[in-house]
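A.B. asks: Take a look at the letters that make up each chain.
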Amino acid sequence: MKSESGDVRAEGWICAKCGVALELLPADATYMGSSFQVDLPRCPVCGLTFIPPDLAEGKMLEVEKLLEDK
Amino acid sequence: MKTRSLANAPEARLPIPERQSLCPVCLKTLPAELVRREDSVFLLRTCPEHGEFSGLLWKGEPGFDAWARPRNTPPRLPAATAADKGCPRDCGPCPEHRQTACTVLFEITRRCNLNCPVCFASSGGEQADGLKVEDLGQRLHRIRALAGEVVLQFSGGEPTLHPGLPEMIRLARSLFPAVQLNTNGVLLGRDADLARILADSGLSWVFLQFDGTTDDIHMKLRGRPLLDVKLEAVRRCREAGLPVVLVPTLAAGVNDKDLGNLLRLGLSLAPTVRGLHLQPMTLSGRNLPGRENPDSYLTLPETLQAVCAQSDGLVRPEHAFAPCCEHERCSFHFRYRKTPSGKLIPLRGPEGECCSPHSGLDACCSPAGEGGRAEGGSLADPAGADGARRAVEAVRRAWEAGEAAGGGDAFDAFIAKARSEIFSITCMAFQDCRNVELERLRGCCVFVYVHPDRLVPFCAYNMTSLDGTPLHRHV
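The listed protein sequences correspond, in order, to chains G and Y.
Per our numbering, the first sequence starts with residue 1, numbered consecutively.
Per our numbering, the second sequence starts with residue 1001, numbered consecutively.
Don't read these hints as lab results, they were simulated from the structure.
Please note: incorrect hints may appear among the correct ones.
Unchecked claim - Calculated from the model, a selection of chain G residues having no Cβ within reach of chain Y, i.e. all distances over 10 Å:
(1) Ala29
(2) Tyr31
(3) Arg42
(4) Gly47
(5) Met60
As the list claims (entries may be wrong) - List time: in silico DSS-like cross-link candidates among lysine-lysine, alpha-carbon distance up to 27 Å:
(6) Y:Lys1257 - G:Lys65
(7) Y:Lys1220 - Y:Lys1257
(8) G:Lys65 - Y:Lys1417
(9) G:Lys65 - Y:Lys1343
(10) G:Lys59 - Y:Lys1257
We put the CB at the ideal spot given by N, CA and C, even for glycine.
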């Protein structure tokens, strides 16, 4: 799911519901009142977005920690 | 201070056993009771020798009970002294202490280039301290061994007067996750190179004493017109990439009406200025004339309401959090994202959040999971040490400089931007002989290092009786 350069990749993932290969497509992320677009593996048919573990435990966790209190 | 009569007050005595305080005259440990009167809570105790005393502890909203925050038994620092003379005379800490450390102050000099009418450290004078950098370096290693991975604060006196400060910051940065400088900013403002030298040494952020936005305020609290030099210090820190937290000592009738101006000034100087840290004046060390006038001192909720009332609606009481590291009656904090248009967005909403006093939740202090703390945990206990680490990480996120976005994806860019947009408003209500609660001292996580091997809770270390006699500083 992650290339050697650290980029998120969609190759090798199939949408279980639609049976089609995921593609890197723009997804909206909203945090702290700000939205931004990031390319994530998504199903081109139903729009299901897959969050790779590396992203969930890496940058997304870092964003969550920014919001976290002591 | 000497007690008002409470005979006619509608009283409700709170059923908390073993509450203790001190006689403000002789600092003898005494049993104490909380007494409610209207929207206030007083700490009542009677000294066999000096009579009855009642100190104002809490006034207004949020209410005393609403602010309460149940917590688990935190890990403890290893005891350095025996419980012999009784709390708070054995501090080192003694086996009765109920907290670990998240912050340690290291006073590297007693010299000061100001001689403020107000100073809990009673600092001043130009006499040399005679402490060499090598000796101070050994003490830094000792602090690391005693306290673990804490935020290390260089303090004093005025620490920038010590010529070895850059070298000590470099060493401290190799031992601790963050290094803070507590300074009056005079040398930072006057010396064209100092901010850069300190930044290059690895200083994490500057706690800049900054009492108000007019020289009249500085004259009253510091005896000199200091506004220009303080603003110059901020400017030099900005050039050096050094984050600054503005730290006003708040005195009712002096600068408590200037909080809104301070907030607006701080926001205008963000992101160099990462926030305000409010410190209501205490009756410790040197103090203003009229020191026994109880109306001179602001309680935690009064300070909270004052900053909200003067913020033009930017800061709202429901955005406030009680702490989960120190005792709930010791501090509050707000954390915001400052938008480019100047709006403040609370990082956590009032509903269902981890540390919100309004949520009824206490997730980061829950007994289960990663925030859990074992009874009698120690620094050697990874699960127990986790709570202290979380507190250290939280202040680093709030006060450290955000790293510039260099490449990466939209997440990287967002993280860099969000870090630079965080603005915090925090308040630490230090205790003094008017209203000290030993329960809070025993739960303290902010320590002062005392050579060779003691860590003393900050408010115990700075405690003085009504006539200025210290509890610990002379020991």
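A.B. asks: The structure should be examined with respect to each hint, and the outcome stated for every one.
C.D. replies: Consistency of the hints with the structure:
no. : hint                  : in the structure
1   : Ala29                 : violated (7 Å)
2   : Tyr31                 : violated (7 Å)
3   : Arg42                 : holds (15 Å)
4   : Gly47                 : holds (18 Å)
5   : Met60                 : violated (7 Å)
6   : Y:Lys1257 - G:Lys65   : violated (34 Å)
7   : Y:Lys1220 - Y:Lys1257 : holds (14 Å)
8   : G:Lys65 - Y:Lys1417   : holds (14 Å)
9   : G:Lys65 - Y:Lys1343   : holds (22 Å)
10  : G:Lys59 - Y:Lys1257   : violated (42 Å)
The structure fails to meet hints 1, 2, 5, 6, 10 from the earlier list, while all remaining hints are met.
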